[in-house]
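A.B. asks: Here the protein sequences come in this chain order: Y and F. So the first sequence is numbered by my numbering: it starts at 1 and just counts up by one. So the second sequence is numbered by my numbering: it starts at 1 and just counts up by one.
Just so you know, the hints here were simulated from the structure itself, not pulled from any lab data. Any given hint could turn out to be false.
[Unchecked claim] The calculated label-pair distances, taken between Cβ atoms and stated as ranges, are:
id : chain 1 : residue 1 : chain 2 : residue 2 : range
1  : F       : H49       : Y       : D53       : 27 to 37 Å
2  : Y       : V65       : F       : N19       : 37 to 47 Å
3  : Y       : R97       : F       : L112      : 39 to 49 Å
4  : F       : I39       : Y       : E59       : 21 to 31 Å
5  : F       : G103      : Y       : R97       : 17 to 27 Å
Predicted model only: the values in this text are computed from it and were never measured. Cβ coordinates follow ideal geometry from the N, Cα and C atoms, glycine included.
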Amino acid sequence: DAGITQSPRYKITETGRQVTLMCHQTWSHSYMFWYRQDLGHGLRLIYYSAAADITDKGEVPDGYVVSRSKTENFPLTLESATRSQTSVYFCATAAGRRETQYFGPGTRLLVL
Amino acid sequence: DAKTTQPPSMDCAEGRAANLPCNHSTISGNEYVYWYRQIHSQGPQYIIHGLKNNETNEMASLIITEDRKSSTLILPHATLRDTAVYYCIVRVGPGTASKLTFGTGTRLQVTL
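Here chain Y stands alone, though its shape is the one from the complex (with noise of 0.2 Å):
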C-alpha cells in the first residue's frame, strides 16, 4: 500500500523555468494539500483540494497553480521559478475536510 507518493524527490532547476512536482495517493481521500516548509517558517499552506476539480487559494499561493482532473492525482505547477520557492514541498491528503492528514515523503527544489 503506497498511500502517498510524491515525484520526483529531488530537482534542481534555473530561475525561470516551468516546474511540476506530483502527488499520488492510493487512498481515495477526498481533500488534498500542498505545503511547503522553510527554516523558520514551519510548514505553510500553498492550495488545497476539497475534490476533483475543486482547489483554493491557501496561505501562500502565489507564483503557484494546481489542478485536480482525477482524486488520485494533485499537480503542483510552478509556472516560472524563483530562487525563494526553493523549499521542500509536501503533499498531503484527508479523508475529510476534518478527518486527519497524512504526509507524503516530500520534494525537495533547488531553484538556481
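Chain F: place on chain Y using the hints.
C.D. replies: Below, chain F alone, put in the same frame as chain Y:
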C-alpha cells in the same frame, strides 16, 4: 486560530518515558489537539489527536487537562528512532479547509 507553545528542545534517555508538554490556552471548544512528528528529512507523521478525553494508541498517549488549556504527549518507552521534532497543533474550526498550522515544535533527542 488557537496558538500553541512548546519548549524548543528536550532530552530523554532511551527506554524512559518522554513527556512533551504543549500550552494552548486560547483553544476553542470545537478545536482538537493534534500531534505530529517529523523525523529528519521525512514528511510529518501523524501521532495522535484528541478533543477533551485522554487518548492512547500504539504510538503514544495524549493527556489533555480538564480546562483544555494544555496537553502532554507521552511516548511510554522512547527509542532512538523517536528522535524528531514534535508538533502540537490545534485544528482550525469549521468552515475552513482545516489546514494544519505547524509551529516550531519541540526537538526531542533520545540518547543512550
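A.B. asks: Taking the hints in turn, state whether each one holds.
C.D. replies: Hints, verified against the model:
1. F:H49 <-> Y:D53: 27 to 37 Å: holds (29 Å)
2. Y:V65 <-> F:N19: 37 to 47 Å: Holds - the Cβ-Cβ distance for V65 of chain Y and N19 of chain F, about 44 Å, lies within 37 to 47 Å.
3. Y:R97 <-> F:L112: 39 to 49 Å: Because 43 Å falls inside the window, the suggested range holds.
4. F:I39 <-> Y:E59: 21 to 31 Å: holds (25 Å)
5. F:G103 <-> Y:R97: 17 to 27 Å: The hint (17 to 27 Å, Cβ to Cβ) holds, given that G103 of chain F and R97 of chain Y are roughly 22 Å apart.
When held up to the earlier numbered hints, the structure conflicts with none and fits them all.
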